[in-house]
Amino acid sequence: MALLAVGLAVLAWPSTIFGAFAIAAGGMIAAAECWRSGPATWGIMPAGSTARLILCIASGVLALWVASAVTTGTGAPLRFAVLVVLGLMAARILMSREAPVVLAGIASLALVLAAAPGLAPASPGPIPALVGGLIAAGVMFVSRARPAEKVGT
Amino acid sequence: MEPELLLAATASLGLAVVFAPPRVPRANLLTWGLLGLAGMAAMVLAPSLDLVLLILLLLAVLQARLASHRDFALRLRAPVLAVGLLALGLAFERMQGPVAMERFGAVGIVAGLVAVVGLLPYVHEFDPDESVVASPIVWIAFVGPLLAATVISQARQVIPADAGDAFGALLIGLGVLNMFWGSVGSWRTAGDAAAWRYSFMADWGLALCGFGLGIADGQAAALIVLFSIVLGRLPLYLWSRQALREKVPTDRPLNLVVAALLAGSAPFAGFPARVLLLRGATQLYWPLALVLAAAMLLWLPASLRLGRSMGIPRGRQAVGVAIVLGLNVLLGLYPQPLLTLAGL
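If you read the protein sequences in the order shown, they are chains X and E.
For the record, in the first sequence the residue sitting at position 52 is 51 according to numbering that gives the first Met the number 0, with numbers rising by one throughout.
For the record, in the second sequence the residue sitting at position 306 is 305 according to numbering that gives the first Met the number 0, with numbers rising by one throughout.
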């Protein structure tokens, strides 16, 4: 998460400096909370990882195609980062049932949505980056907040 | 179109809170409804689709925190999938690549839109016993209409003309699919609560077709259909929940009138929407009008079933049903002020 935040902040830097700071700050807060709230076990390739392994290979092939098709011209790093992070994080969220993992994925999605307006020809200004950073930072505290509220209707 | 839908959602929340059955906790309903309205207002004000997606993500997380039989991660899947697809579609549209990219972008945006609302082929998991605010009904009937109008109007600004036809064709195709699936499902499914959910899908099919036509008549039809979902079908569903639990079908004249409203017959709001849709389809490609007309006939048996499931509204609910019927008659007889307000 920290690496993702720094990377996206660097990519957002040319279009909006304030936005880059917002993305970095939001991502760092989310990363710190992620560090504290996640399971304290080694999570890489545990039992039952076959589906993830297949997903990695499939996404690698897709990434190769995308790379050959869209990573030319100016702004290629941001385009590539947006596509890869969106695809992988959405897949991670869809495959997981653990709240901390899902929330970390959502924080990452918020960060990439904050940086994605940089793909548009016109400058988006710092607002998307600010909102994305705030959501990324805030979402990680959801699991620590009080238990889910009961609502009837 | 979006401010008008926000107004309709506000009125719908007001009706739901004021005329709620005695056992419903009004304070909670009002709190979460106002939170949803705040998110929807932010969507209307958002200058770009990226901001709309961020607001959608936030609303999804807040809704997933509410107590439910379904777990947190499971309830987040559909909205997150929708945000991912919409964001991918938007990213493809912004890339300077081959034309195929733009078409992929259009597919992503339409798929994301359908996923967030909960239509075929991304139907949300539905539990009839779940509270309405925590259930997928929020997406299909309360937040969804305004969100769809916002996404479609913003998407048309970023989708180039080459991919615009594909965008419209996808909307029409999925619209027809949902019309048939929703109306047949609403007629034939075993549970009455599930029948109500399918009926929302069928109405959404009309709205998607209207948006897909891309001409003024289609847009007008889509707006009226979305209005009738928010200010007609949603409050009636809320007030039918008690009768659904008691499972006592009723055959009073009022049930027949409610069935007529749900079927979109004259003089209710669904009627001008259907006329506009058929006129728009005839202008574009007349065989499409034939398909739409055939699909519209399927509303009748489903609506008669839903009307019977309403039970006999008493007290506050009877007043609420009368207001909803009045609003829908007004919109059915004089839709022009609404269309003028929306600039159509």
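Just so you know, the hints here were simulated from the structure itself, not pulled from any lab data.
Don't take every hint at face value.
As the list claims (entries may be wrong) - A short, non-exhaustive set of chain X residues, derived as facing chain E with CB atoms under 7 Å:
#1 Leu118
#2 Ala119
#3 Ala121
#4 Pro127
Backbone N, C-alpha and C define an ideal beta-carbon position, used for all residues, glycine too.
Cross-check of the supplied hints:
1. Leu118: 4 Å, holds
2. Ala119: This interface hint holds because 6 Å falls under the 7 Å limit.
3. Ala121: Cβ of Ala121 (chain X) sits 10 Å from chain E, so the hint is violated.
4. Pro127: 5 Å, holds
Comparing the model with each numbered hint stated earlier shows that hint 3 is the single one that does not hold.
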